[in-house]
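Guided by the hints, dock chain B onto chain A, whose structure is given.
Residue numbers (this note's numbering), protein chains in the order written: chain A, 1 to 832; chain B, 1 to 333.
Treat each hint with caution, since some may be false.
[What the hints assert, rightly or not] Pair ranges (Cβ atoms, derived):
no. : chain 1 : residue 1 : chain 2 : residue 2 : range
1   : A       : Gly414    : B       : Gln247    : 41 to 49 Å
2   : B       : Pro40     : A       : Arg459    : 40 to 48 Å
3   : A       : Ala147    : B       : Arg13     : 33 to 41 Å
4   : A       : Pro810    : B       : Asp143    : 36 to 44 Å
The set of hints was computed from the structure by calculation and includes no laboratory data.
Glycine residues also receive a C-beta, built at the ideal position from the N, C-alpha and C atoms.
Residues per chain, in single letters:
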Amino acid sequence: MSDTPRRDPALGDLPLWADSGDGSRPDSGAGSGFTLIGRPQRKVDGLAKATGKAAYTDDIALPGMLHAKILRSPHPHARILSIDTTRALALEGVHAVVTGRDMPVRYGIIPWTPDEYPLCVERVRYIGDGVAAVAAVDEDTAIRALALIRVEYEELPACLDPAEALAADGSDERPFIHEPRREGRNGNVTKRVQLSFGEVDERMAGAEVVVEGEYFFEGTTHTPIEPHCAIGRYDENGRLTVWSATQVPHYLHRELASVLGLDPATIRVVQPPVGGAFGGKSEPFDLEFCVARLSMATGRPVKILYTREEVFYAHRGRHPFHMKYRTAADEQGRLQAVDAEVLLDGGAYASFGLVTTYYAGQLLTAPYTMPSYRFDSTRVYTNKPACGPKRGHGSVQPRFAFEVQLDKLAEKLGMDPIELRRVNFMGGNTRTVNELRVTSNGFLECLDAVEKASGWRERHRRLPPGRGLGVAGSCYISGTNYPVYPNEMPQSAIQLQVDRSGRVAVLSGASEIGQGCDSMVAYITAEELGVPLEYVRVLAGDTDFTPVDLGAYSSRITFMLGNACIDAARKLRRKVQEAVAEDWECRPRQVQLAGGWAYYAPDTGRRMRIARAFNLAEARHGTLGATGWYNTPRDNHGDYRGGTIGASPAYSFTAHVAEVDVDVETGVVDVVRIWVAHDCGRALNPLLVEGQMEGSVYMGFAEALMEEQIFKSADQGRAGLHNAPSLLDYRIPTSLDTPEIESLIVESIDPEGPYGAKEAGEGPLHSSIPAIANAIHDATGVRMDRLPFSAPNVWRAIQEAGGPKALAPPRRRAAPPPEPARVDRTTVGVGP
Amino acid sequence: MLRLPPFRYHRPRTIDEAVGLLDRWGSRALPVSGGTDLIPNMKHRLFTPDHLVSLRQIPGMRGFRRDGSALMIGGAETLASVARHPEVLRRFPSLAAAAGQVAGPQLRNMGTLGGNICLDTRCTYYNQTEFWRDALGYCLKKDGDVCHVTRVGKKCVAAHSADTPPVLMTLGATIELAGPEGRREVGLNDFFLADGIWNSRRKPGEIVTRVRIPFASRDSRAAYTKLRQRRSIDFPLLSVAVSADFQRSARVCQIMGVVTALGARPRLLTGWARIALGRTLSTDVIEALAERAHRQCHPLENAIVDADWRRAMVPVQVRLALEALRPSAARAS
Numbered sequence: 001m002s003d004t005p006r007r008d009p010a011l012g013d014l015p016l017w018a019d020s021g022d023g024s025r026p027d028s029g030a031g032s033g034f035t036l037i038g039r040p041q042r043k044v045d046g047l048a049k050a051t052g053k054a055a056y057t058d059d060i061a062l063p064g065m066l067h068a069k070i071l072r073s074p075h076p077h078a079r080i081l082s083i084d085t086t087r088a089l090a091l092e093g094v095h096a097v098v099t100g101r102d103m104p105v106r107y108g109i110i111p112w113t114p115d116e117y118p119l120c121v122e123r124v125r126y127i128g129d130g131v132a133a134v135a136a137v138d139e140d141t142a143i144r145a146l147a148l149i150r151v152e153y154e155e156l157p158a159c160l161d162p163a164e165a166l167a168a169d170g171s172d173e174r175p176f177i178h179e180p181r182r183e184g185r186n187g188n189v190t191k192r193v194q195l196s197f198g199e200v201d202e203r204m205a206g207a208e209v210v211v212e213g214e215y216f217f218e219g220t221t222h223t224p225i226e227p228h229c230a231i232g233r234y235d236e237n238g239r240l241t242v243w244s245a246t247q248v249p250h251y252l253h254r255e256l257a258s259v260l261g262l263d264p265a266t267i268r269v270v271q272p273p274v275g276g277a278f279g280g281k282s283e284p285f286d287l288e289f290c291v292a293r294l295s296m297a298t299g300r301p302v303k304i305l306y307t308r309e310e311v312f313y314a315h316r317g318r319h320p321f322h323m324k325y326r327t328a329a330d331e332q333g334r335l336q337a338v339d340a341e342v343l344l345d346g347g348a349y350a351s352f353g354l355v356t357t358y359y360a361g362q363l364l365t366a367p368y369t370m371p372s373y374r375f376d377s378t379r380v381y382t383n384k385p386a387c388g389p390k391r392g393h394g395s396v397q398p399r400f401a402f403e404v405q406l407d408k409l410a411e412k413l414g415m416d417p418i419e420l421r422r423v424n425f426m427g428g429n430t431r432t433v434n435e436l437r438v439t440s441n442g443f444l445e446c447l448d449a450v451e452k453a454s455g456w457r458e459r460h461r462r463l464p465p466g467r468g469l470g471v472a473g474s475c476y477i478s479g480t481n482y483p484v485y486p487n488e489m490p491q492s493a494i495q496l497q498v499d500r501s502g503r504v505a506v507l508s509g510a511s512e513i514g515q516g517c518d519s520m521v522a523y524i525t526a527e528e529l530g531v532p533l534e535y536v537r538v539l540a541g542d543t544d545f546t547p548v549d550l551g552a553y554s555s556r557i558t559f560m561l562g563n564a565c566i567d568a569a570r571k572l573r574r575k576v577q578e579a580v581a582e583d584w585e586c587r588p589r590q591v592q593l594a595g596g597w598a599y600y601a602p603d604t605g606r607r608m609r610i611a612r613a614f615n616l617a618e619a620r621h622g623t624l625g626a627t628g629w630y631n632t633p634r635d636n637h638g639d640y641r642g643g644t645i646g647a648s649p650a651y652s653f654t655a656h657v658a659e660v661d662v663d664v665e666t667g668v669v670d671v672v673r674i675w676v677a678h679d680c681g682r683a684l685n686p687l688l689v690e691g692q693m694e695g696s697v698y699m700g701f702a703e704a705l706m707e708e709q710i711f712k713s714a715d716q717g718r719a720g721l722h723n724a725p726s727l728l729d730y731r732i733p734t735s736l737d738t739p740e741i742e743s744l745i746v747e748s749i750d751p752e753g754p755y756g757a758k759e760a761g762e763g764p765l766h767s768s769i770p771a772i773a774n775a776i777h778d779a780t781g782v783r784m785d786r787l788p789f790s791a792p793n794v795w796r797a798i799q800e801a802g803g804p805k806a807l808a809p810p811r812r813r814a815a816p817p818p819e820p821a822r823v824d825r826t827t828v829g830v831g832p
Numbered sequence: 001m002l003r004l005p006p007f008r009y010h011r012p013r014t015i016d017e018a019v020g021l022l023d024r025w026g027s028r029a030l031p032v033s034g035g036t037d038l039i040p041n042m043k044h045r046l047f048t049p050d051h052l053v054s055l056r057q058i059p060g061m062r063g064f065r066r067d068g069s070a071l072m073i074g075g076a077e078t079l080a081s082v083a084r085h086p087e088v089l090r091r092f093p094s095l096a097a098a099a100g101q102v103a104g105p106q107l108r109n110m111g112t113l114g115g116n117i118c119l120d121t122r123c124t125y126y127n128q129t130e131f132w133r134d135a136l137g138y139c140l141k142k143d144g145d146v147c148h149v150t151r152v153g154k155k156c157v158a159a160h161s162a163d164t165p166p167v168l169m170t171l172g173a174t175i176e177l178a179g180p181e182g183r184r185e186v187g188l189n190d191f192f193l194a195d196g197i198w199n200s201r202r203k204p205g206e207i208v209t210r211v212r213i214p215f216a217s218r219d220s221r222a223a224y225t226k227l228r229q230r231r232s233i234d235f236p237l238l239s240v241a242v243s244a245d246f247q248r249s250a251r252v253c254q255i256m257g258v259v260t261a262l263g264a265r266p267r268l269l270t271g272w273a274r275i276a277l278g279r280t281l282s283t284d285v286i287e288a289l290a291e292r293a294h295r296q297c298h299p300l301e302n303a304i305v306d307a308d309w310r311r312a313m314v315p316v317q318v319r320l321a322l323e324a325l326r327p328s329a330a331r332a333s
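For reference, chain A alone in the conformation it holds in the complex:
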C-alpha cells in the first residue's frame, strides 16, 4: 500500500475563498473596516475556565457510573503467557474485567501503520503498556482488583537505544519489537525516508564552506495540566457515547467503531473542554477503548482518569533525534547544499511516526532558498513509551540542528547571522526545493522586527563575556493538504443556525483545546453577520451534532475552520441582505450588517435591528441556517512519493532572538529575554496570537533548558523504567524561571487564509531553541549541540572547552556591520 494518500486530480481546485456575494475579494490590509477581527477580544470560554466553572471530562459524573483502572506492564518487553482474572472478578464491588482478548483489533492513527491493541494481546512493549482493565464501584476497589490479576510473563531482551534497535536481527537475543511487515525486513524500523532534491554532492564539492555537525535532541513530553480522561456509556438503545479529553473526536469516532466492531452511526464522541493537549491527545488511547468496552460489558457508565504517571507512559511526545548535518554555502553565504541523516527514537508504537519521519526532512526547506537538499530519515522502535506529535511535530528537532548549522556557517564566513539569513531568504509565491508551494511569506519582516527590538546590531558579539544574543528562524505548516486517512471530503465544516432573537448558533466540529478556536468562529460569525459577540453561541466537538472537522493538530484549525466559517456566514449574510434590500427597495450589497444592526450603506442613518433583519430573512427564505466548509487545494504538493507530506495551504514564519546570561562557573543559563516575531498572516485576535506566541516560547525554552523524557538503564536498576514520571521530577519552568517575552506580530495577509490568517500555535516554538543555543555560543564561545542546556550539561561543555578561564566568546571590536542588503520585498504578503 502506498504511504501517500491518493488524490483525485479530477476534483480540481475548490474555491479558496467563499463567494462574498458581491463578487469582491475579502478585505485585506489594516484599517479595512473590520469591527471585531484584528482587535483584542476575550475568549468566549475564558471566564468559565479562569473561574473554575468549566466542566472538564473528569467533572462529569453520571448516575450509576463505575470507575476503572488499567493494569500496566512492569516489564519493558515480555511475552504474555497467561492472564488470570478470576480473583479480581470475585472481589466485591468489581463489575467487569477486560483484557486484550476482548478487543483483539489493531488500530493506529496512521492507516498504514496499525500496530497497537487497546490492551496488549500477546506482548508488552514498554513499562506501562496496558494489559487488563477493571471496572468497579470506585477507584479504590478497582485498584485493589488490579493487584489480584495474575499475569504470567516471559521476559524478552529490551532495547532502549535506537542504534541497537537498528542492529536487531530478530534472534532470541536481539528480537524485533514488532514483527516485520515484510519478510527479511527489520521489524524495528517504523519507516525510512530517503529523498534527494537537486545536485547535492556536486554543490557540496564546489562550495566555499561546508559545516558539519552532529546533534542530539532529547525527548520531551507535553505535560498538559489535565490528565487524559474518558467516560463511556453504552445505553439501553445500544448506542455508545464516549466523552473524552481528546483533540481528535473524529478519529476517535472512527477507531472506536473499528475496534469495537460497532456501526459508527451508533457511536457518539463528545469532547468536553480540554485542559491542554499540545499534541498529546491526538490519537486514541487505551482508556477510551476500555471505558467503552467495560460499559458494554456492564451496561453502566464507566470512567477512567489517568494518573500523572500514566500520562507520562501514554506520552506520544517529542522523539529523541540523533542528527547529522552537512551544510554548504558559497562565499556570500548563499546556501548550496544540505545533507541530513536523522535517526528517530520512536518508542514502542508507530503513532504518527510515519509522518514524523517525513516531517523530519520535509519541513526544513523554508524560509531559505536551498538549491539542493538530501535527507535520510529513519524511525525505529524501542521499548519505551511511544513518541508522537508534540507542538511543532517532527520539525522542531531538525530546526534546532539546522539553525545552529547556519550560525556556524555565519561564523565561518565572518558574516552576521541575521544577514546570512536575509541573503538566503526565499521570498513569497515560490516553491521550495522539495516542491512545497509557499505563498505569503513575512519572514524578512520577522527578522527585521527581532533585530530592531533586541538591539542586535549594537549588541551581538559586543556584550560582556557570559552574556550573549542568538538568532534563529523557522517556518511551519497551517494544516496539511492531505488528511490522515485518504478522502476527498472537506477537512473542516461549520453549521450556522439563527434564532428569531438574533442569537446565532455555531456548530463546529473542531476541538477547542485552549487555543481559542471556539472564540475564533464566534468572532468571524459576529463579524460577518453583524451580531454582537454575546449573541453567538458555539457548540463544538460533538459528533452527533456537529459537522466533521479532522481535529486540533498540525495548526490547521484557524486556516480551515476559519474559512469554513466565513463560507457559512456569507451564505447566511446574503439571505439577510436580500431580505432587507427587498424591504428597503435597494440592492443587497447596499445592506451592511454590523454591531447588531443592518445599515443602508449610502445613508447609515437608515438602519434596523439585526433581529428584525433576521426575521425578514426568515419570512422570505424560511428557517435560517447555513453550512460552510473548507477543503485544501489539491495541486499543492511535490510530484514524488511522499511529496504530499509537508504540503500545506500556507506556511507561517518566525524569527527569534534570545538573550542569555551564562554563569560559566556553574553552567546555569539564565535566559533573560526572548524576542519573537511571527508571521501569522493576519492576527484575527492579536491577544490570542500573542498568547500562542508566549506559550510557544515558554515551551521551547522549557525544552531547551530543562525537559528530559528519559529512562533508567539496566545499570540504574531497571531498563526502560521512566526516570521520573511526576511533575516534581520532570521539570518544566515556573513563572520565576521564565524569561521576559516580547511578542511581535507580523501580518503578511495570506491570499487563502481567513481574512489572510495563518497559524500561530506551533510555529513560534521552533526557533526559540536554536536561538538560545546560538546565544550561549555568543556568550561563551561554547557550542551546545545536545539538548537540554541544563546547568550540568553546560558546565560539562565548559569543562571540556578547558574551563571558565579558557573560554573565548566571539567578540567584534569593529564598527557595526553595514546596512543589510536590499532585498526585494514586493513579493511579501501580496496575493496572486
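Just chain B now, kept in the frame of chain A:
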C-alpha cells in the same frame, strides 16, 4: 490522580493527647502537621498508616515566644510564618531565607517547621509510585533489599533534603521532643544519623513540639544558599548553611558550615576552625574553606542530577554562602 490509602484522622487538642494517641496506635499511626511530605508519600504507598494524628490545631505547638535569651518556635508553625516573622527576620535571617525557599508558596502555607525537621529522606528510587517501585523491584529503604544507588551497600543513602535543619544547626538550635516517655531536649547537631531509612534520633511516636534558637551574643552572621534546578518548588540538590562570629576587627572567632542534600544527614564541615580562626574572611580564606568542603563532600546518584556537577558546585555554593558573611555584605538573605 493517585489515591490515598484509607486512614482515620485524629485532631487532638493537646500535646499529651497527641502523644497518647500515637502511643496507643503504635506503628499503625503517624503524626501529621502540614502533610506536604507525608501525603504524597502515602499516595506513593511509602507509608500506609491506619491513623493520622494531626498536630496543627494544638495550641501548644504554635507561636513564637521569647524565652530568656532564645526564640522558641512552635513545631507546628508554618514555614510561611517562620519566613516572615519579624523576630526571625531580624535575628535569624538565614532561617527566614531557608524557610522561604522550601517548595512553593502554597506548600509553605501548609508545611511546618517541625515537619521540615522530620522530613523523610529522598531518593530517585524511593519517591515513586507503588507501580514504579514494583517494576524496579523495590529498594533497601522500602519493601526491598537492594540499594540501587550504591548497588552493593546495605546502608540506605537517601538524601536529607530539608532546608531549615542545616541552618538551625549553624544557629545552635535545640528541639523539644515529646513522646510516651516524656519530653526531652536534643541539640540539632546531635539529632541526625547517617541512615537514610530513619535518619534521626527521634523515636517513632515522638513529635517535635518546639524549636529553641539561642540569641547570638556577639557579632554573629549566618547565611544559607540552595542549589536547585528551578527558582521555586524544588528540593535542594545541595545546600550550604554557614555561621560565624566576628571580633571587632572582623576576625573570625567561631565558624561553622553544614552541607546537606548529599547523604542521609546534614554534614558538619570539619577543619574550618584551623583555617579561619583569627583571620578575616578574605578571598583566600574563603577559597581555602571552600576547598576543604569540596574534599569532604561526595554526592551520590540518589538524585536524578549529575553527581559530578553537584560535587563541583560544593565549593561554589560554600563560597557564595561565606561571601554573604563578610561584614561588607548585606545581612544574609
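Here's how the hints hold up against the structure:
Between Gly414/A and Gln247/B the beta carbons are some 59 Å apart, a value that contradicts the proposed interval 41 to 49 Å. Between Pro40/B and Arg459/A the beta carbons are some 45 Å apart, a value that agrees with the proposed interval 40 to 48 Å. The given range of 33 to 41 Å is respected by Ala147/A and Arg13/B, whose C-beta atoms sit roughly 39 Å from each other. Checked against the hint of 36 to 44 Å, the C-beta distance between Pro810/A and Asp143/B comes to roughly 54 Å, which is inconsistent with it.
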